[in-house]
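Trainee: From just these sequences and the hints, can you work out the full model?
Order-wise, the sequence lines are chains S and V.
Note that the first sequence covers residues 3 to 714 in my numbering.
Note that the second sequence covers residues 3 to 714 in my numbering.
Just so you know, these hints were derived from the structure itself, not from any lab.
Fair warning: there could be bad hints in the mix.
Because identical chains cannot be distinguished in the list, a pair is counted as satisfied if it fits within a single copy or across any two copies.
[As the list claims (entries may be wrong)] Here are the computed lysine to any residue pairs in the SDA-like style, where the Cα-Cα straight-line distance is at most 25 Å:
#	residue 1	residue 2
1	K343	G106
2	K348	V110
3	K560	I646
4	K560	G106
5	K648	S702
6	K347	G106
7	K648	R628
8	K648	D273
9	K309	N289
10	K348	E109
11	K46	G59
12	K244	G163
13	K348	G114
14	K648	A626
15	K416	I492
16	K95	L356
17	K347	E109
18	K575	F658
19	K29	F353
20	K567	M593
21	K301	S443
Here is how the chains run, residue by residue.
2 protein chains.
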Amino acid sequence: MAKALDINALFHPRSVALIGVSADFTKLSGRPFRFFREYGYAGKIYPVNPKHSEIGGLPCFANLAAIPGEVDLAVITLPASAVPRTIAECGAKGVKAAAVISSGFAEVGGEGIRLQEELVRAATEHGIAVCGPNCSGFVYVPERVTASFNVGLDGGFPHPGPVAFISQSGALSAYILAEARERGLGFRYWISTGNECVLSFTDYLHHVLEDPQVGLILGYMEDARDGEAFQAEAHRALVLDKPLIIMKVGRSEAGAKASVSHTGSLAGADDVYQAVFSQNGILRAENLDELFDLAMLAKASRRPRGKRVQVLSISGAAGILMADVGSESGLEFPELTPATKEALKKIMPPFAALTNPMDVTAQAVARPSLFRSAAEVVLADPNVDTLVYFLGIVPGAHERLASDIADIVRSTHKLVVVTWFPLPAPEVCDILTRAGVPFFSEPSRGMRALGKMSQYMATRERVLSRQPQPPTPKPAPESEVGKILDHVRIQGRTAMSEVEAKGLLKAWGLAVPRGGLARTSAEAQSLARGIGGPVAMKASSPDLLHKTEAGVVRLGVKNAQEVEKAYAEIVEKASAWNPDARLDGVLVEEMIAGDFREIIVGVRQDQRFGPVVTFGLGGIFVEALRDFAVCPAPLTVEQAREIIQKIRGYRILTAFRSRPAADVEALARVMCQVGDLALIWQDRISELEINPLFVLPEGSGVVVGDALAVLR
Amino acid sequence: MAKALDINALFHPRSVALIGVSADFTKLSGRPFRFFREYGYAGKIYPVNPKHSEIGGLPCFANLAAIPGEVDLAVITLPASAVPRTIAECGAKGVKAAAVISSGFAEVGGEGIRLQEELVRAATEHGIAVCGPNCSGFVYVPERVTASFNVGLDGGFPHPGPVAFISQSGALSAYILAEARERGLGFRYWISTGNECVLSFTDYLHHVLEDPQVGLILGYMEDARDGEAFQAEAHRALVLDKPLIIMKVGRSEAGAKASVSHTGSLAGADDVYQAVFSQNGILRAENLDELFDLAMLAKASRRPRGKRVQVLSISGAAGILMADVGSESGLEFPELTPATKEALKKIMPPFAALTNPMDVTAQAVARPSLFRSAAEVVLADPNVDTLVYFLGIVPGAHERLASDIADIVRSTHKLVVVTWFPLPAPEVCDILTRAGVPFFSEPSRGMRALGKMSQYMATRERVLSRQPQPPTPKPAPESEVGKILDHVRIQGRTAMSEVEAKGLLKAWGLAVPRGGLARTSAEAQSLARGIGGPVAMKASSPDLLHKTEAGVVRLGVKNAQEVEKAYAEIVEKASAWNPDARLDGVLVEEMIAGDFREIIVGVRQDQRFGPVVTFGLGGIFVEALRDFAVCPAPLTVEQAREIIQKIRGYRILTAFRSRPAADVEALARVMCQVGDLALIWQDRISELEINPLFVLPEGSGVVVGDALAVLR
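Mentor: Below, the structure is given as structure tokens:
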């Protein structure tokens, strides 16, 4: 719906009406008008306020209808109660877009919710692209459209530049705009999204990605309201190499909703965001410093080609600090090739160690040309993807050092990054800026940003090279899975018993143990005979989800007598644990043999991003250590493999202490299958968990040990 | 030795000789002279250089002896080869202190090492306090002693202030001095320690702690050369409440030396530093930003009284960011009391949520007094230890906001911290500075620093309230422990067998399983009968340290036949695994019953800090997850308890999923005992590891499952 609207009218209006404008330009309702005048918007400006006949030297109109010409954009600062009517008037006048700055809508609840619904109805009826309400408006820098009361504009108009900034906060992003001007970071769009009742964060993201002049997107996000569309745009940003740098807050909230499965309660909302960001190469800024640091690297015309960095430092100490932080940020500090070392020996002072980081030593104070010579040699080394400088105070030589770097950058295609503490004079920084060299003052911040940027490039390469996987087709409703789901629904239940959940997974192609449901002790003995060897026995009930705690599980039951005894005990324990539990019978299954690992694989429906697969080591690991990883479905086998390797205890799955490696490939396939199942039956399955999944040694596959499922 | 020297002569010289001074003041050897003159040192200045008769208008002397008056301090910039002789001349002249700026000593190896030894001999013989060599010298701000070529002095003399800065880097710390001047951070001492051949980092630390005008110590450290003395000074700093803020680099180096025990190879050098810092309340700065951030809080006259913070923010977004980072930094954001909320309701705009963080909303732009009223109410709340502001651009109201804060601070004893983004004009910052209010621009940096400062306060409180524990007395050499150690030494071995290691631990008061060493199968059967019930059997050999891998362990051996069979197999496997292994026999022990957890407790001698106790969950946990904690000995039971709670998997030791809680008290006592053992027999025991230690349920104690020990 929203995308069909003419979002262009928002950013390229030929005329603008300021409805509810105040003659007091210090007021929120007077500030947009002042900015439109002060910063030289070239279109027509129509103040609308029945109390005035003239504002700021321009004729003021009593209402929209009174305006003689056409109006493209309305900037509305009226009380909330007047807004829906005004949007309808906009429709009548042919206005195509509106920035509703007024607050008092859904954010205040009650009557505000109703007003917002009315606003949406009017906007939809007339096809008006609405920014807001309850926002700080927007700024489109090239055409000086200042539909905002943004305090960040008080100190001056933004520098033009490649940044599109989309924010779910008004105040903080205004301060960011002000700070960006101080730092010389140029903007094209500045958008405060407000309640997003018509246009969403994702809609703006879609729009700015269409703009070839946009080179990077900065964002402040609290919540992506349309997860799937957001992911699609993030993917497009990655493909276009327009880095999407988002400060996403709200990590500390207890985001996980109450849930019966372990994995459901494990992965909080922020874990899911983190997974979505990481899958789509979104650069997550942890704070305001990092937002600017990442922007500094993202706006550069060059990208790191790999993770291998050589540091040239005027201080040994700074070099060590940079190696520490760089290593933690995923960068590598390889040795230089023998040829490079040979060449450096001819240049460097006799006692300089040709290491990485390399200390150019205090000699550089007397001979600043050392840096230039060393950099040239180092950049020719095939082991070096990126050269990072650390410079400090070199009396009288700052301009020379910066000019040398500018020269060097012209003679290489590799990325060169400068850290310089304290930052030199502005005219020296300008030399670096003109040469397109990203520079930082605090050296570890430069390394951290470079680490994230290198990770971005690696993700981009992986995503671009990924073979598109055809979506798993949805089976017909009369398929086995459909029948099982129907069967549970017909009984008016949402929780599935272990037998049902295993049946579902078996129908979906997963391996489950041989066995069956016994309704009498004799049936159990007969089943055990048929299986041969020791068996596992468990109560089967949709009301006993955590069977071990209930004491209704017996393992390694060996013969007819043991089966009989176990059957009786299980029935007794089940009713002792929960007298109201419906007992379908006792599940009798083969014992899984072999040197398996116990794994949890679960999937739950995230309200923003749909099905999310969780993976962790089973038993106490996942609960006591919270060692797990999540990924939104659908997953490719390759992605599943990456997720598996992310957990801290991954080593437990590898050949370790004379144990054979686990069948990680089969595990990865099951993660994909479970994700597909929850995606295809999204409207039916609420959550599903295999716990444990027995992962056998390499080549031997996996078997579902136990499973639970909850339907919607 | 070094402490007997007159370090005061270094910092309070009445006269200074600049030996090797250059007439070119841009040169390293000319710069100290220039600074002494330029910045107004009040004592006598004697240039010494045979090539000149006059430098900078002062008579220049051919050598020290030619100087007519007394000389307290020599600043030496001669080539390394001339330095030892010059130090001897200093001795002859009665010079009490020297700053040896020259390099070419131990840091270059070979001849340099010899020259440094000569230097030390001369200094020791004449009792000269030497700073350096291979350093950038030092600055004592109050008396304008500028015995340094520090480029940080080029831009101006440091502001006087409470900071003592001690650095193992020359260049970087000069830049820090320059940056500190820009930020208005005042210094008293600035010391570059160099090779520390006479005076060490710890010596300077001792000295500056004696100075009542020093309020905090900043440091850059690569290596504490005298761990025990360093810890003692750090403790003194904590007691005096002079925060010790150290940027310690070198995390990424593979610091752990090769070692036979698991715990030995687990804990790298940096883990030990981290433990020492944490035990002694040393504030570790992760980077240069944090060094300044922590200094900003440390120099304030108030400390956080607890971890409970209320945030008042002009931006909801910034508030969430601050809560995220604050929570991660150990701060708490409690709810306000009902009385406070009631009072706030009368002040705040109707729709403002009275939460923590609290968004004062855009209303504050129109009514900046909102902040003042809200702050007064919040500070009266007993749930609030510290109030943190986030402010942004409030047109026309910055001075008013700052003055309000200054007023509020005068009316409370609680700490008030301000974050303000972007930072307001310098004159507004000055209002905060004058009121002693710490302020930050990036809000999450302010929170992180406050979190560390609150942790510092908690550590300080704990350390001050700790009952001094009398040191465990060293038993006589003829004690059981001494005899066991002697027995191994006499045999020319360093590795102890399990039987010996257990004997050692038993003699030290630890519980070990009942049992004994069988040298024949018959002996094994007899031992097993005596124990009663199933037994554990293992090869006993000093050459088989990892017995499970060697296949020489049998558990739950039930009767005479099984014992016989197990004995034969163990003997066979032992010689198959290592044909040269000396086999003392087979250890036959009771099986430990009960619901125990397997734990690793180890201790090894760290070259800097002496015995370090490592603790981790046994089995795959410690190896695959690297989940462990370390602490230098001696430990109090209270410290051991804290260490135990530090591991990620601590929950496994608590009552968890129907298991009883483990006997953490007994575990803590064993950690103390093991630390004491390694401390008292520091000259004999190199490393010792109990793996597993069986920790029984609460009140039931612990039993040593297996142990290994290596002597020096």
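Trainee: How do K648 and S702 come out at 25 Å by Cα distance, when the copy is not named: within, between, both, or neither?
Mentor: within (23 Å within a copy, 38 Å between copies)
Trainee: If the cutoff is 25 Å on CA atoms, where do K560 and G106 land: within, between, both or neither? Let me know, please.
Mentor: neither (70 Å within a copy, 79 Å between copies)
Trainee: Within a copy, between copies, both or neither: which one fits K95 and L356 at a CA-CA cutoff of 25 Å?
Mentor: neither (73 Å within a copy, 42 Å between copies)
Trainee: At most 25 Å between alpha carbons: which applies to K347 and E109, within, between, both or neither?
Mentor: between (66 Å within a copy, 18 Å between copies)
Trainee: First find the shortest C-alpha distance between K416 and I492 inside one copy, then the shortest across copies, and answer within, between, both or neither for a cut-off of 25 Å.
Mentor: For K416 and I492, neither the intra-copy (64 Å) nor the inter-copy (63 Å) Cα distance is at most 25 Å.
Trainee: Is it within a copy, between copies, both, or neither that the alpha carbon of K560 lies no farther than 25 Å from that of I646?
Mentor: neither (36 Å within a copy, 42 Å between copies)
Trainee: First find the shortest C-alpha distance between K575 and F658 inside one copy, then the shortest across copies, and answer within, between, both or neither for a cut-off of 25 Å.
Mentor: between (39 Å within a copy, 21 Å between copies)
Trainee: Checking K348 and V110: alpha-carbon separation at most 25 Å within a copy, between copies, both or neither?
Mentor: between (71 Å within a copy, 18 Å between copies)
Trainee: One pair to classify: K648 and D273, alpha carbons no more than 25 Å apart. Within, between, both, or neither?
Mentor: both (13 Å within a copy, 23 Å between copies)
Trainee: Is it within, between, both, or neither for K244 and G163, if the alpha carbons may be no more than 25 Å apart?
Mentor: within (14 Å within a copy, 47 Å between copies)
Trainee: Please sort K343 with G106 into within, between, both or neither, judging by C-alpha distance up to 25 Å.
Mentor: Intra 67 Å, inter 22 Å, cutoff 25 Å: inter-copy only.
Trainee: At 25 Å max between alpha carbons, let me know whether K46 reaches G59 within a copy, between copies, both or neither.
Mentor: within (13 Å within a copy, 73 Å between copies)
Consistency with the previously given hints fails for numbers 3, 4, 15 and 16, ordered from lowest to highest.
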